[in-house]
Amino acid sequence: MSARLPYLGLLLVLVLAPWIIPIIGDSFWLSVLTEIIIWSCFAASINFLFGYVGLLSFGQALFFGFGMYGVALGISAFQLSFWPAFFLGPFSATVMALITGIFAVRLTWHYFAIITVVFSLIFYFLALTLKSVTGGDDGINFSMPDLFNLLGFKLSLTNSTTQYLFTLSVVVLCFWLIKVVMASAYGRSLIAIRDNDIRASLIGINVYRLRLSAFVIAGFLAGVSGSLFALFGRYASASYMFYHVSGEGVVWAIVGGVGTLLGPAIGTGIFILIREIVSTHWQHHALIVGAFAICIVIFAPEGIVGLWKKLRHRSRS
Amino acid sequence: MSQTIIALAINGIVFGLIVALIALGLSIIFGLLDIINLSHGDFFMVGTVIAFTTLATLGHFWPALLIAPLIGFALGALIQFSIIQRIKNNAALSIVATFGLSMIIQEVVRMTFGAAPKRIMPPISGTFGMFGIEYEWYRIFAAIASIIAIGSFFIFLKSTKLGVWMRAVRHDRDTATTMGIPTQQIYLFTFGIGFAMAAIGGVIAAPITTVDFRTGVDILPFCFMAVIIGGLGNLPGTVAAAVLLAFLEGVISGFATPTIARIFSLVLMSSVLLIRPQGLFKGLTK
Amino acid sequence: MEKIKASFALMKPFLRIEHLSKSFGGVKAVNDLSLSLFPNRINAIIGPNGAGKTTLFNLITGFIKPDSGKIFFDDVELTHLPIHAISLMGIKRTLQIKSVFNSMTVYENLWITLSAQQGNLNPFRPIDRYPDIQNRVEEVIEQLDLGRFQNTPAGALSYGDVALLEIGMAIITKPKMILFDEPVCGMSPAETEKVVSKITALAAQTHIVIIEHDMDVVFKMADEIAVLAFGSKLASGTPQEINSNQQVKEVYFGTDEVDA
Chain A
1 MSARLPYLGL LLVLVLAPWI IPIIGDSFWL SVLTEIIIWS CFAASINFLF GYVGLLSFGQ
61 ALFFGFGMYG VALGISAFQL SFWPAFFLGP FSATVMALIT GIFAVRLTWH YFAIITVVFS
121 LIFYFLALTL KSVTGGDDGI NFSMPDLFNL LGFKLSLTNS TTQYLFTLSV VVLCFWLIKV
181 VMASAYGRSL IAIRDNDIRA SLIGINVYRL RLSAFVIAGF LAGVSGSLFA LFGRYASASY
241 MFYHVSGEGV VWAIVGGVGT LLGPAIGTGI FILIREIVST HWQHHALIVG AFAICIVIFA
301 PEGIVGLWKK LRHRSRS
Chain B
1 MSQTIIALAI NGIVFGLIVA LIALGLSIIF GLLDIINLSH GDFFMVGTVI AFTTLATLGH
61 FWPALLIAPL IGFALGALIQ FSIIQRIKNN AALSIVATFG LSMIIQEVVR MTFGAAPKRI
121 MPPISGTFGM FGIEYEWYRI FAAIASIIAI GSFFIFLKST KLGVWMRAVR HDRDTATTMG
181 IPTQQIYLFT FGIGFAMAAI GGVIAAPITT VDFRTGVDIL PFCFMAVIIG GLGNLPGTVA
241 AAVLLAFLEG VISGFATPTI ARIFSLVLMS SVLLIRPQGL FKGLTK
Chain C
1 MEKIKASFAL MKPFLRIEHL SKSFGGVKAV NDLSLSLFPN RINAIIGPNG AGKTTLFNLI
61 TGFIKPDSGK IFFDDVELTH LPIHAISLMG IKRTLQIKSV FNSMTVYENL WITLSAQQGN
121 LNPFRPIDRY PDIQNRVEEV IEQLDLGRFQ NTPAGALSYG DVALLEIGMA IITKPKMILF
181 DEPVCGMSPA ETEKVVSKIT ALAAQTHIVI IEHDMDVVFK MADEIAVLAF GSKLASGTPQ
241 EINSNQQVKE VYFGTDEVDA
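Residue numbers (the numbering used here), protein chains in the order written: chain A, 1 to 317; chain B, 1 to 286; chain C, 1 to 260.
Take these hints with a grain of salt, some might be off.
Unchecked claim - Computed far set for chain C versus chain A, every beta-carbon distance over 12 Å: (1) 16; (2) 80; (3) 111; (4) 235.
Said to hold, decoys possible - Computed footprint of chain A on chain B; a stretch qualifies when at least three of its residues, placed anywhere within it, have a C-beta under 8 Å from a C-beta of chain A: (5) 90 to 101; (6) 105 to 117; (7) 210 to 224; (8) 260 to 268.
No wet-lab data here; the hints were simulated from the structure. Built from N, CA and C at the ideal position, the CB exists for glycine as well.
Please put together the full structure from these sequences, using the hints given.
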């Protein structure tokens, strides 16, 4: 039980944030926190594939994009109400992950990384071409349908507290799912594949099929992230499908700590905070981000969470 | 209409030759150091900036052809020494490192050079009649300059001691080390040459493209396409693939949009990766 | 009646290799090899370097596909099946370069091996809810005396202990056949002794096939030896027959004792 305590403590702080933050600072930071949580899920999708399966995907922005446009087009083009649109986003991302995964997972390592970029670029350019539908880089806006509307009691994501708590619940659920899955025989099999894929087939694991299923799960997570993002800004844009977005996610995941549960969240949090804090004073925060990424990779390759675990281990013994 | 296609096709070949030069740099870094260098496009961009700055400060364009590779080589070796060398055991980490490097390079250029795109006039002006169109002399020069640079590179690889060592290290790292080849120095040199070649490509391309801190991002995927479709480790193949892809894209963009042309190249690249990952061109794979 | 049945069982080979060929870039690693291995004995496959022994194991377990020929296990054709399918049929092997799951502990390595055989893929059931797997893992740990290391990551083990772990992983699913590829390669005499006795004990319930260079070990353990040279079968028979075979001696000329 004591192992759970820090998680529960963190959760409690996060839940109370909408009321804590206005006390200590500007409530603008609540929307920053919301963004951090949304993108944590994106980094988590990259970490799931890389940390637990050993596959480095550089194209998760593709599924983010499908999640984003699934919601945006669901609402603006198909006139869906909230919940069906929120279902359509991750659903389309997952289907896309299955289709691309069938091909991508046949490759490994460098070639896998490259083909994930290629697939995401293909759809990025397609999105640009279909500008009338997707709005291209400029994107499309839509208005937010209500989350919940019963007998005059209305919940809408236009309220920033509702938005935050909704986003938090969804992402916490996703992280919890990752935790449960990795503690199962299925999760162990993924780690076996990561450690030694030949040995894994030798003990009877269907490496291709498991990798594909992991790819689909990661696509789902990225899609959830994209859907939440669309709901956050009431907006979707093809520019979020560009490989630069995937690349940033990889940096967040690795800096946070590959193969750890909270690593992606911490990595994302650090970089977005750096961006927000520094950019108000100095416009060249990209320098800090780049330098920080390089330093972590040289001095603490196991990432921040990995480093913390190592230090804690050392202090114990 | 057909005249536009001809112009586009020839532009494609010219552009392809320039990209081939850059892609060769990417290929040797990938082949020798096992690194996916996400900042390689930015090396090209730095070349264009050097061209602009040389023209602006010295009043002449031509010195840039010498200055750029020198600066490029120095920077490349420095990067290899200070960053890449320390994480060489892990290819995934080097992706993050080169991504961070890319951010730094772009931001430094944005800080010093500015965010607004600029253009420079070609040092050779005028056009001539060819295939029924008026074609710029400078583009012909660009093609010839690229061919000379690429040719020199191949001669260097084949005939000089350093070149032979580089090929040995790429072929079998461990054996090369036990044979007494100074592999660390070779890595420094390789990264330096890679940057230098991209920088020269940037100088040559500067008068016919925009000088902008973001141009690296556009050219990087194209270089990777050339390397993959040409075949990893197949240097002549990379050149052929670059020219072929640029030519095809040029032609297609005459009928459709450049974006669609790009999609075509990407689909071709996916097919190669899935069906024939060793690349489309046979020949020297060592 | 039982005796007749038993002797028929003795007659039928559990592994049948028919006209197997495999080339790598012009070199024929396995050349029209035909071989039958019979049950109730330890079968050893020996031969000089490059004779095709490991290639044969790779072909049997599905790592590579032959250019021609067929492989049958208990009359089921294996030739074109994928690695994991062959494994699930009850065929396990150890590798020449010992290879396990380095980030997992010894316990977890054994656990996942048994779990994979059972096809457990439920993503919602935590790993401590499989008591039958737990029991069997503890049994094997006991059997191979791995208790001291059960919570050590496999990557931190000494070479000899990794080899023991590999054997544990090979036996935990109670397979039908185990292929041991140079099981005592690089071991001390004490470790060799341990491994030899474990393998010999297994022969009662499992078909055993060993590739080995150490002739002492081969002659001590094996009931039946097949000699490969240049990708095909040179000779087969009991240790005494092989030892007095002139052709075999020639092929081993200069390397008849413990190899490098």
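Consistency of the hints with the structure:
Distance check on residue 16 of chain C: its Cβ is at least 22 Å (rounded) from any Cβ of chain A, clearing the 12 Å threshold; non-interface status holds. At the 12 Å boundary, the C-beta of residue 80 of chain C stays outside the reach of chain A, the nearest C-beta of that chain being 15 Å off. At roughly 7 Å from the closest C-beta of chain A, the C-beta of residue 111 of chain C falls inside 12 Å, breaking its exclusion from the interface. With a minimum CB-CB distance of about 30 Å to chain A, residue 235 of chain C clears the 12 Å threshold, and the non-interface call stands.
Evaluation of the coverage hint for the region 90 to 101 of chain B: fulfilled, as 11 residues show C-beta separations to chain A shorter than 8 Å, against a requirement of three. Counting residues of the region 105 to 117 of chain B whose C-beta lies closer than 8 Å to any C-beta of chain A gives 5; at least three are required, and the coverage claim holds. Only when three residues or more bring their CB closer than 8 Å to a CB of chain A does the claim for the region 210 to 224 of chain B stand; here the count is 3, and the claim holds. Three residues within the 8 Å Cβ limit are the bar, and the region 260 to 268 of chain B against chain A gives 5, so the coverage statement holds.
The structure fails hint 3 only (numbered hints given earlier).
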